[in-house]
Amino acid sequence: EDKVVQSPLSLVVHEGDTVTLNCSYEVTNFRSLLWYKQEKKAPTFLFMLTSSGIEKKSGRLSSILDKKELFSILNITATQTGDSAVYLCAGNAGGTSYGKLTFGQGTILTVHP
Amino acid sequence: DTGVSQDPRHKITKRGQNVTFRCDPISEHNRLYWYRQTLGQGPEFLTYFQNEAQLEKSRLLSDRFSAERPKGSFSTLEIQRTEQGDSAMYLCASGGRTQETQYFGPGTRLLVL
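Quick mapping for you: the protein sequence lines, in order, are chains D and A.
The opening residue of the first sequence carries number 44 in the numbering used here; numbering runs sequentially from there.
The opening residue of the second sequence carries number 7 in the numbering used here; numbering runs sequentially from there.
Check the hints yourself; a few may be wrong.
As the list claims (entries may be wrong) - In silico DSS-like pairs for lysine-lysine, Cα to Cα no more than 27 Å straight-line: (1) D:80 x A:17; (2) D:84 x A:20; (3) D:46 x D:80; (4) D:80 x A:63; (5) A:20 x D:83.
Stated by the list, open to error - Estimated spans, in silico, between C-beta atoms of each pair: (6) D:71 x A:78: 21 to 29 Å; (7) A:9 x D:83: 16 to 24 Å; (8) A:86 x D:98: 46 to 54 Å.
Treat the hints as calculated values from the structure; they're not laboratory data.
Note that the structure is a prediction, hence the values are computed from the model and not measured.
Each residue gets a CB set at the ideal place from its N, CA and C atoms; glycine is no exception.
The whole structure should be built from the sequences, with the hints applied where relevant.
Right under this line is the structure:
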């Protein structure tokens, strides 16, 4: 059975800190790893990673995938209170399950002013 | 707003009643997914359509659950004889032909009393 594990489960920081969120996965016919941000509503898309070692960046957020070790990290630099949310990673399967996402539990990030 | 809409946004029902939810995906997207999310957990895959064909169903989807996408556009998810354990957020996501990224709708929050 496919499995995605995120750590830590929760994190409390102050504005300006840098955080690293971890995601390990075991997904049959793995195609890609997706990161989402969820703030009391539906998840909003952040990144999709398909290749190892290639960093994707969007403003203060960046993410990288290691397909050999089966993990990904999401970095947020210079955190702001608006970054407070649940961050979800999901493994995307291929084959007959194309597009089926297996999500981790999420990391709850709280950024204090 | 991702362009995926769901209706209703909230539903309160009594145990034993039937409920039906609707999802309208992004218009050019041929793939449609249903997920269920309970408090403190990541979304769990329920079922997947490509056009009007239902290609995969999770073991989570008991006989009381049925989903349709009759014309390959909007989809409905029906739960018969609801139980308190069905209380959750039901999320719909859509994906395009060449895009692996899935975009989520706002969700329908179901409470079974």
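Hint check results:
1. D:80 x A:17: 24 Å, holds
2. D:84 x A:20: Given pair residue 84 of chain D, residue 20 of chain A holds - Cα atoms ~24 Å apart, limit 27 Å.
3. D:46 x D:80: 19 Å, holds
4. D:80 x A:63: 26 Å, holds
5. A:20 x D:83: 24 Å, holds
6. D:71 x A:78: 21 to 29 Å: 27 Å, holds
7. A:9 x D:83: 16 to 24 Å: Holds: the Cβ-Cβ distance is about 20 Å, inside 16 to 24 Å.
8. A:86 x D:98: 46 to 54 Å: 47 Å, holds
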